[in-house]
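Protein chains in written order, with my numbering: chain A, 1 to 273; chain B, 1 to 273; chain C, 1 to 273.
No lab work stands behind these hints: they were computed from the structure.
All figures in this text were calculated on a predicted structure; none of them were measured in a lab.
Beta carbons are placed, not taken as given, at the ideal position from N, Cα and C, and that holds for glycine.
Be aware that one or more of the hints could be misleading.
What the hints assert, rightly or not - Pulled from the structure, derived: some chain B residues nowhere near chain A, Cβ distances all over 12 Å:
id	residue
1	N12
2	Y22
3	V92
4	R100
5	D137
6	T145
7	S151
8	G179
9	V181
10	V184
11	G193
12	K217
13	N245
14	R249
Unchecked claim - Below, computed lysine-lysine pairings styled on BS3-like, alpha-carbon distance capped at 30 Å:
id	chain 1	residue 1	chain 2	residue 2
15	A	K194	C	K266
16	C	K78	C	K11
17	A	K194	C	K261
18	B	K217	C	K194
19	B	K84	B	K11
20	B	K109	B	K157
21	A	K194	B	K261
22	B	K194	A	K84
23	A	K194	C	K157
24	B	K217	B	K11
25	C	K194	A	K194
26	B	K194	A	K261
27	B	K266	C	K11
28	C	K11	A	K194
29	B	K266	A	K266
30	C	K84	A	K194
31	C	K194	B	K84
32	B	K84	B	K194
33	B	K261	B	K157
34	B	K109	B	K161
35	C	K11	B	K194
36	B	K157	A	K217
37	C	K194	B	K11
38	B	K261	A	K11
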Amino acid sequence: MLGTCIENVRKNVPLVHNITNYVTVNDVANVLLACGGSPIMADDEEDAREITAICGGLNINIGTLNQRTIPGMFAAGKRANELKHPILLDPVGAGASSLRTDTAVKLMKELDLTVIRGNISEIKTLAFGSGTTQGVDADVADAVTEETLDSAVAFVKNFAKRSASIIAITGAIDLVSDGEVCYVIRNGRSEMGKITGTGCQLSGMMTAFLIANPEQKLEATAAAVCTMGLAGEIAWSRMQDGDGNSTYRNRIIDAIYNMDKETLDKGANYEVR
Amino acid sequence: MLGTCIENVRKNVPLVHNITNYVTVNDVANVLLACGGSPIMADDEEDAREITAICGGLNINIGTLNQRTIPGMFAAGKRANELKHPILLDPVGAGASSLRTDTAVKLMKELDLTVIRGNISEIKTLAFGSGTTQGVDADVADAVTEETLDSAVAFVKNFAKRSASIIAITGAIDLVSDGEVCYVIRNGRSEMGKITGTGCQLSGMMTAFLIANPEQKLEATAAAVCTMGLAGEIAWSRMQDGDGNSTYRNRIIDAIYNMDKETLDKGANYEVR
Amino acid sequence: MLGTCIENVRKNVPLVHNITNYVTVNDVANVLLACGGSPIMADDEEDAREITAICGGLNINIGTLNQRTIPGMFAAGKRANELKHPILLDPVGAGASSLRTDTAVKLMKELDLTVIRGNISEIKTLAFGSGTTQGVDADVADAVTEETLDSAVAFVKNFAKRSASIIAITGAIDLVSDGEVCYVIRNGRSEMGKITGTGCQLSGMMTAFLIANPEQKLEATAAAVCTMGLAGEIAWSRMQDGDGNSTYRNRIIDAIYNMDKETLDKGANYEVR
């Protein structure tokens, strides 16, 4: 069933407006092309407001936010809301600095966000107003494991309900909830954490999935998570002696490029709680 | 004959000043190194004016333009004109927003541009003052095909004459004209559109070709287009099962790195009208 | 002995704050992950000051400096000094423009820099107040060769003493000195110069080595240089027909990912003078 979601991306070629960090932006663009979408980047306030209008949805990533790009995020977000475009927020490093935490919280308050996707530490920061984020990676103490799964599922459902957004927490086990049900996803490999920006890439791709599947946004979000994780598994199986994280990055994007409905339906590893 | 142009790049190692977008900038730098040039990026107004003076030419790409970098484009452009350096304009997304269209038009008016290189929608926007650009990719309705080729050749010749610049339109069929003659180029593969920034990469490389071939700018422009397209063909022939757009990107840059006079002369597929 | 240094990086997973250029930033992040560190990028003045406090060290690279990011460099630098974090300066293009030279000189004056790493032309610019830097690559006339080695070693020792920083000059022969002794390193390959940003990557990795080896900063600096050069040798041995600089870039990062104590101890090629 999730396989239909990527099929819809390839059919619809959704144009995604990204206001994202300059660290991983090239990979975000190539992942969007790989999954069947089309990327455009614009962060100047004036340009962002106009560009978002020709797109189908907006991906806001605060990874290298600054005083120049923050107004662009709000301007584009408000325009996207007026146009009923889906908006995804990737609160990179929320909890690691006041500027990041405050900007993410303010974006949540002033915009209707369709999805918030982050690691557990970032999402906890948004839920509780403060966090223990260590840099841009999740704090080990926060990790979702089989032992902490029940309480994590309860947390994500609760936060999704309260925030009126779909919440996607990615890590060793991924959780996606709209407040009613929760997808518990076990695709992916831990080595993906050794590549910069797999989270950013997922956020870009997820926005394309949301645009192309307007009637089933929860499934689209889960499908994007499964696609990324499964691509990580397929890519790993192609690794050879001497290969490392740079080749792994390329092979993951390649695997998304080659992902089809059947592969995704067969490889998606999830349960719904 | 076009092969001499890349040979001259390798001999002269032209230093290219790039004011370009942060999405594809790393690939632009690596392509410039691959073809034998040397890249430098500087977009701060003060820095750009000075850096352009130590370079041989200037590549202006408006892909992620903003209020801070636009003054840098004009400052560097004026300095480059004073020094008689070739300037290339890549009007990424012209037609997609007022800021992009207006900036590109103003750059055309205030600077002597040696080459303007874009997709057909972007170039039509500059020629007619408005366009139907969909994001950063060409509109299908605008595409240059065998059926529309005659009128497209007439259009590009006319616009080149009127703008006093060499015009390079890239797509399924590429057109390069100085207003008198038009190179019609049939190198490349459609899968190149699934990689972000092949156009930006070409613009960077083309600027190096212009610097290294001052007496034959039209041939240099056409040679750069053929080099990129032929690299796309060679790279595709090296693709293996499971490879996708990320590996394709790497192999294209690799193919440029290995391109020599003989390969280019043999593989360049063009006619002059 | 140098092998212990990378082992310490893998054990300590140092968090590195990078204020770096947007050309090579993605590779810097992936190299930091490859060697066992963890990268975070923040250049907004307010954000940079706070982010640096949660990190173990700071990497300042002036490759695409501008009026917005320069204050972030000073703010983060002062905070890092207060916290006794190691700071590395990579003066990209010092000598090529006044803004670059002046900013690098001012950073040297106002901050306690643990290491300054650059090519010979950039370092000469900082030592003598002016230089002959051609773009971002070293001037051939400046090159450290077997013939000029004695005077180069004397120069780097003298400048290290005078600046109270470890000086690392990278090129065909690499020199690392704290003013007392000088590591003369002969790892690496000339083809690394055909990849954009191997210097930037080394600076990022070196900062991780400095954080993880607080009691042996000179050895850590030399170990990072040997790691990069040796990775360049290993990566080259894996190159196949048709491969070029893009694949070489990936393989170098891969080789760092796979580098361990034994490989580094066996492959490091240096003498201490």
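Hint check:
no. : hint            : in the structure
1   : N12             : 29 Å, holds
2   : Y22             : 4 Å, violated
3   : V92             : 9 Å, violated
4   : R100            : 7 Å, violated
5   : D137            : 6 Å, violated
6   : T145            : 19 Å, holds
7   : S151            : 27 Å, holds
8   : G179            : 32 Å, holds
9   : V181            : 34 Å, holds
10  : V184            : 27 Å, holds
11  : G193            : 8 Å, violated
12  : K217            : 30 Å, holds
13  : N245            : 5 Å, violated
14  : R249            : 7 Å, violated
15  : A:K194 / C:K266 : 25 Å, holds
16  : C:K78 / C:K11   : 28 Å, holds
17  : A:K194 / C:K261 : 19 Å, holds
18  : B:K217 / C:K194 : 25 Å, holds
19  : B:K84 / B:K11   : 21 Å, holds
20  : B:K109 / B:K157 : 19 Å, holds
21  : A:K194 / B:K261 : 40 Å, violated
22  : B:K194 / A:K84  : 28 Å, holds
23  : A:K194 / C:K157 : 37 Å, violated
24  : B:K217 / B:K11  : 17 Å, holds
25  : C:K194 / A:K194 : 25 Å, holds
26  : B:K194 / A:K261 : 19 Å, holds
27  : B:K266 / C:K11  : 54 Å, violated
28  : C:K11 / A:K194  : 15 Å, holds
29  : B:K266 / A:K266 : 46 Å, violated
30  : C:K84 / A:K194  : 28 Å, holds
31  : C:K194 / B:K84  : 28 Å, holds
32  : B:K84 / B:K194  : 36 Å, violated
33  : B:K261 / B:K157 : 28 Å, holds
34  : B:K109 / B:K161 : 15 Å, holds
35  : C:K11 / B:K194  : 40 Å, violated
36  : B:K157 / A:K217 : 48 Å, violated
37  : C:K194 / B:K11  : 15 Å, holds
38  : B:K261 / A:K11  : 41 Å, violated
In summary, the numbered hints that this structure violates are 2, 3, 4, 5, 11, 13, 14, 21, 23, 27, 29, 32, 35, 36 and 38.
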